[in-house]
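Quick mapping for you: the protein sequence lines, in order, are chains C and H. Its first residue numbered 4, the first sequence is counted upward by one per residue in my numbering. Its first residue numbered 25, the second sequence is counted upward by one per residue in my numbering.
Errors might be hidden in some of the hints.
Derived DSSO-like pairs (lysine-lysine); straight-line CA-CA distance at most 30 angstroms [what the hints assert, rightly or not]: (1) LYS141/C to LYS362/H; (2) LYS94/C to LYS408/H; (3) LYS94/C to LYS362/H; (4) LYS130/H to LYS141/C.
By construction, these hints were calculated from the structure, which means they are not laboratory data. These figures come from a predicted structure and were not determined experimentally.
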Amino acid sequence: MSEKAADTEVWTSNGYELVVGLEVHVELLTRTKLFSGSPNHFGDDPNTNIDPVSLGLPGALPVLNRQAVELAMRLGLALNCTIQRSTFARKNYFYPDMPKAYQISQYDEPISVDGWLDLPSGFRVGIERGHLEEDTGKSTHMGGAGGRIHGSDYSLIDFNRAGVPLVEIVSRPDIRTPEQAKAYVSELRAILIAVGASDAKMEEGSMRVDANVSVRLPGAELGTRCEVKNVNSIRSVGRAIEYEAQRQVGMLEAGESIRQETRHWDENDGRTHTLRSKEDADDYRYFQEPDLVVVDPDVGWIETVRSSLPVLPAARRQLLAELTGQTTDAEAVLVVTERGQDEYVLSVAQAGGDAARALVHVKEAFAEQGDDPSIPAADLAKLTSLEIDGALTATQAKQVLAEIVAGNGGDAAAIAASKGFEAMDDSELQSMIDGAISAQADAWAKFCAGDGKAMGALVGAVMKASRGQADGKAVTAILNERRQNT
Amino acid sequence: MADHKTGDQIPAAATDISWEVRNGVTRAADVLEKYLGEIERRDDDVHAFNLVLTDESRARAAEIDDAVAMGRNLGALAGVPVALKDNMCTRGIPTTCSSKILDGWKPPYDATIVTKLAEAGAVIIGKTNLDEFAMGSSTENSAFGATHNPHDLTRVPGGSSGGSAAAVAAGFAPVSLGSDTGGSIRQPAALCGVVGVKPTYGAVSRLGLVAFASSLDQIGPMANSVSDAALLLEAVSSHDPMDSTSIEQGPLEISQQLDWGVAGLRVGRITDLPEGASPDVNERLEVAFDNLRAAGAEIVDVEVPAFTYGLTAYYLIAPAEASSNLARYDGVRFGLRKDAPDTNAMYMATRTEGFGDEVKRRIMLGTYALSAGYYDAYYGRALKVRRRIAADFAKAYEKADILLTPASPTVAFKMGDKTTDPMSMYLCDTYTIPSNLTGDPGMSVPFGTGDSGLPVGVQVLAPALKEDVMFRTAAELERSMS
Numbered sequence: 004m005s006e007k008a009a010d011t012e013v014w015t016s017n018g019y020e021l022v023v024g025l026e027v028h029v030e031l032l033t034r035t036k037l038f039s040g041s042p043n044h045f046g047d048d049p050n051t052n053i054d055p056v057s058l059g060l061p062g063a064l065p066v067l068n069r070q071a072v073e074l075a076m077r078l079g080l081a082l083n084c085t086i087q088r089s090t091f092a093r094k095n096y097f098y099p100d101m102p103k104a105y106q107i108s109q110y111d112e113p114i115s116v117d118g119w120l121d122l123p124s125g126f127r128v129g130i131e132r133g134h135l136e137e138d139t140g141k142s143t144h145m146g147g148a149g150g151r152i153h154g155s156d157y158s159l160i161d162f163n164r165a166g167v168p169l170v171e172i173v174s175r176p177d178i179r180t181p182e183q184a185k186a187y188v189s190e191l192r193a194i195l196i197a198v199g200a201s202d203a204k205m206e207e208g209s210m211r212v213d214a215n216v217s218v219r220l221p222g223a224e225l226g227t228r229c230e231v232k233n234v235n236s237i238r239s240v241g242r243a244i245e246y247e248a249q250r251q252v253g254m255l256e257a258g259e260s261i262r263q264e265t266r267h268w269d270e271n272d273g274r275t276h277t278l279r280s281k282e283d284a285d286d287y288r289y290f291q292e293p294d295l296v297v298v299d300p301d302v303g304w305i306e307t308v309r310s311s312l313p314v315l316p317a318a319r320r321q322l323l324a325e326l327t328g329q330t331t332d333a334e335a336v337l338v339v340t341e342r343g344q345d346e347y348v349l350s351v352a353q354a355g356g357d358a359a360r361a362l363v364h365v366k367e368a369f370a371e372q373g374d375d376p377s378i379p380a381a382d383l384a385k386l387t388s389l390e391i392d393g394a395l396t397a398t399q400a401k402q403v404l405a406e407i408v409a410g411n412g413g414d415a416a417a418i419a420a421s422k423g424f425e426a427m428d429d430s431e432l433q434s435m436i437d438g439a440i441s442a443q444a445d446a447w448a449k450f451c452a453g454d455g456k457a458m459g460a461l462v463g464a465v466m467k468a469s470r471g472q473a474d475g476k477a478v479t480a481i482l483n484e485r486r487q488n489t
Numbered sequence: 025m026a027d028h029k030t031g032d033q034i035p036a037a038a039t040d041i042s043w044e045v046r047n048g049v050t051r052a053a054d055v056l057e058k059y060l061g062e063i064e065r066r067d068d069d070v071h072a073f074n075l076v077l078t079d080e081s082r083a084r085a086a087e088i089d090d091a092v093a094m095g096r097n098l099g100a101l102a103g104v105p106v107a108l109k110d111n112m113c114t115r116g117i118p119t120t121c122s123s124k125i126l127d128g129w130k131p132p133y134d135a136t137i138v139t140k141l142a143e144a145g146a147v148i149i150g151k152t153n154l155d156e157f158a159m160g161s162s163t164e165n166s167a168f169g170a171t172h173n174p175h176d177l178t179r180v181p182g183g184s185s186g187g188s189a190a191a192v193a194a195g196f197a198p199v200s201l202g203s204d205t206g207g208s209i210r211q212p213a214a215l216c217g218v219v220g221v222k223p224t225y226g227a228v229s230r231l232g233l234v235a236f237a238s239s240l241d242q243i244g245p246m247a248n249s250v251s252d253a254a255l256l257l258e259a260v261s262s263h264d265p266m267d268s269t270s271i272e273q274g275p276l277e278i279s280q281q282l283d284w285g286v287a288g289l290r291v292g293r294i295t296d297l298p299e300g301a302s303p304d305v306n307e308r309l310e311v312a313f314d315n316l317r318a319a320g321a322e323i324v325d326v327e328v329p330a331f332t333y334g335l336t337a338y339y340l341i342a343p344a345e346a347s348s349n350l351a352r353y354d355g356v357r358f359g360l361r362k363d364a365p366d367t368n369a370m371y372m373a374t375r376t377e378g379f380g381d382e383v384k385r386r387i388m389l390g391t392y393a394l395s396a397g398y399y400d401a402y403y404g405r406a407l408k409v410r411r412r413i414a415a416d417f418a419k420a421y422e423k424a425d426i427l428l429t430p431a432s433p434t435v436a437f438k439m440g441d442k443t444t445d446p447m448s449m450y451l452c453d454t455y456t457i458p459s460n461l462t463g464d465p466g467m468s469v470p471f472g473t474g475d476s477g478l479p480v481g482v483q484v485l486a487p488a489l490k491e492d493v494m495f496r497t498a499a500e501l502e503r504s505m506s
């Protein structure tokens with residue numbers, strides 16, 4: 004898992020390959036803001052979580068939030084980064100929701116550098132840096148078109164978000180497909196949640212993705228990149244990158260050159276649009292923030308934070324995959340781990356259950372259960388044992404499980420008995436199949452002639468006769484056997 | 025309760041006022057009325073104050089007298105009227121920085137020094153005039169009109185803390201607080217004939233001091249005597265967890281050592297000091313060396329080669345920080361707003377109208393110094409010079425405990441003399457700037473008169489947190505004059 008495995012898919016178009024680097028902003032789950040004591044809380048009434056620092060009032064001074072530094076360290080360590088001596092700088096630019104007209108941000112000396120993130124497929128994406136900075140306020144432009152500042156009648160500003168701590172995680176341009184980009188965001192999100200650094204809700208803006216997209220001929224220098232903003236869901240990450248890459252290939256093919264610019268992803272028309280070109284970019288006039296001092300976590304602090312990290316999603320998937328005989332990027336492994344139900348599957352196995360069957364059941368039936376399912380693991384263990392023993396078909400097991408889930412637990416054998424689920428003996432099944440073949444003679448003839456689709460009608464007839472109690476797999480097997488013997 | 029006192033019955037020294045108020049000998053209210061009376065009589069001519077807090081200070085004085093009557097223990101500044109430079113935030117009371125751009129703004133919070141003053145029992149008597157945002161050396165760059173030197177109303181009081189210096193010199197308050205970014209306490213103190221102290225960077229909290237250049241700004245006392253300056257500095261200095269650049273230590277302890285003398289102290293003469301001080305000022309400096317030698321100090325020669333580059337480095341670093349610190353005055357959240365069709369036009373109209381010429385000049389200078397392609401040649405270079413100056417001073421302090429220089433190159437100049445030539449105005453800070461760049465303390469002590477019978481100040485410099493030695497030396501100079 005740890006070495007760079009070959010990703011089978013490579014995005015190409017007209018011979019061009021895709022190169023993507025992602026910049027992800029995440030809001031940290033601190034109690035208070037990065038530089039003041041106001042609550043860091045989403046969704047409160049506008050301008051209630053404010054103070055002289057958040058508003059950039061004259062004479063106000065920032066004081067660094069220790070919890071924010073610690074969460075940034077947790078995240079950095081979870082991304083295999085080195086934690087280093089870091090400083091803050093001022094990024095100067097005017098905008099109405101930027102109270103001081105500068106953002107305090109780590110610039111040339113970020114707290115986390117040189118890490119990596121392994122995707123479930125095994126593909127490794129390098130992490131260049133993770134740096135702390137403060138969020139801006141939020142503008143709402145009233146009147147005019149499209150909620151943009153241009154053409155609006157007036158704007159309202161909510162400073163509750165101003166000063167909320169952010170970490171910006173900058174990947175190296177290692178990503179080669181839209182799928183990898185989605186997997187990266189999804190995996191980063193899982194890590195953020197696992198280490199408690201952020202709730203990573205893209206829909207609330209606590210996790211925001213900008214994609215630097217370029218295309219090139221294989222082996223060539225990196226092409227001119229465009230930064231795509233406003234990508235607000237994992238699905239949009241894939242769509243926006245795909246669109247932007249195709250746009251660039253189209254331009255190059257038409258003999259045009261790519262202009263370095265910032266582009267806005269429009270979810271509705273599925274396109275990116277020019278926001279500003281590099282020539283219009285602000286000169287941020289960075290310089291070291293004189294109101295703050297150096298942040299230099301000592302080894303003791305770093306190691307304390309490291310030792311308090313939970314087992315990360317990749318390791319949990321690895322364990323679950325090994326236990327259930329799946330690959331680490333199998334859907335059930337991904338889904339169950341993301342729900343935090345992987346430990347539950349392990350406990351079912353520990354209670355004597357079959358891990359592979361448990362994984363399937365948990366994935367299918369536990370979507371509403373959260374990371375601490377209310378059904379006793381022993382109950383699910385018993386159900387999987389009955390299945391493995393052949394006492395219950397997969398279909399029957401599903402029905403029994405539904406009852407167990409509805410009742411927050413229950414004895415699988417008793418429920419099966421009450422439903423009249425007895426393992427059907429072979430002769431009973433054989434006679435039902437005889438009946439189906441004679442009732443569906445045409446289907447049988449087609450099936451024997453090699454039309455695989457005709458099997459559906461035959462299996463359906465058996466199921467109908469058995470009122471759904473027959474084991475579909477067994478029926479299929481018998482039908483295939485009979486055909487071979489014909 | 026003591027009998028009411030007036031005029032000369034009220035002691036002049038803050039140390040005496042505080043003692044008498046605490047012990048019920050003199051009422052805080054009577055002390056206050058004496059100073060309010062002086063303000064009433066002469067401030068129309070001097071214009072030291074932007075705002076006199078008549079009602080608030082009377083209420084506060086009455087509160088203190090009540091506390092004394094109830095036998096409460098009061099702090100070291102009990103009943104002492106203090107004038108505050110109008111760039112220090114006072115809750116609910118206008119804080120203007122002598123700029124139109126802060127029109128109508130009332131801070132929702134107190135600066136840490138305001139809280140410390142309240143704890144010490146002080147009475148804030150008013151907010152004093154300054155060069156807009158503390159940018160200037162004459163207090164002529166004020167949106168509310170210039171302050172005049174009480175010794176000669178046709179002359180400037182120096183700046184930027186000209187209002188606080190003039191208030192003490194004119195007898196409007198026994199002590200005041202100023203802020204010093206490149207000499208803004210020490211130079212006006214010299215020109216007005218009062219004591220002015222720029223403490224070690226980080227000794228006094230900057231929380232609530234409206235920033236000019238954050239890495240250089242420091243609040244300090246102005247007073248009629250070295251001991252009053254010590255009293256006020258001890259009361260306002262302390263570690264403040266809300267100022268990240270505050271030094272982690274308790275209040276400075278100075279007062280007890282004022283009479284220790286200078287015997288055995290090595291007082292340094294900087295042999296490569298930049299020229300430019302006028303003969304009358306240099307003459308007084310020589311007398312100062314003589315008097316200290318007579319008091320038992322050893323005079324030693326030291327070199328500070330980078331001293332001369334201080335002014336240049338300062339006029340890149342200070343404007344650079346100022347260009348960023350003053351960007352928040354954008355008309356969006358507080359103060360002046362000039363309406364315009366769009367946001368950028370509103371910024372431009374507001375800042376064009378709200379800032380004076382000197383502020384605009386420094387914002388432009390600083391913006392340029394930080395710009396892409398120029399940073400290394402200007403701001404980056406200035407930072408290197410700053411480190412070099414600090415290294416040179418550290419070396420000089422291996423040979424000397426204290427350094428003496430002029431505080432200001434000249435005595436108070438005529439109003440309007442330098443307003444059309446910014447460079448000549450900037451040269452006023454030649455001798456004071458280096459201690460802002462190094463963070464070390466410095467103070468100006470009145471030391472007789474020069475041309476036209478106007479006050480001359482001698483500057484005493486010391487290494488970081490050696491305020492005790494600096495004050496001992498200043499006290500010796502003061503004694504040698506009496």
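Is the hinted pair LYS130/H and LYS141/C satisfied, with a Cα-Cα distance of at most 30 angstroms?
holds, 25 angstroms
Given the proposed pairing of LYS141/C with LYS362/H, does the C-alpha separation stay at or below 30 angstroms?
holds, 23 angstroms
Please verify whether LYS94/C and LYS408/H have alpha carbons no more than 30 angstroms apart.
holds, 21 angstroms
Within a Cα-Cα threshold of 30 angstroms, do LYS94/C and LYS362/H meet the stated pairing?
Holds, because 26 angstroms separates the two Cα atoms, which is no more than 30 angstroms.
When held up to the earlier numbered hints, the structure conflicts with none and fits them all.
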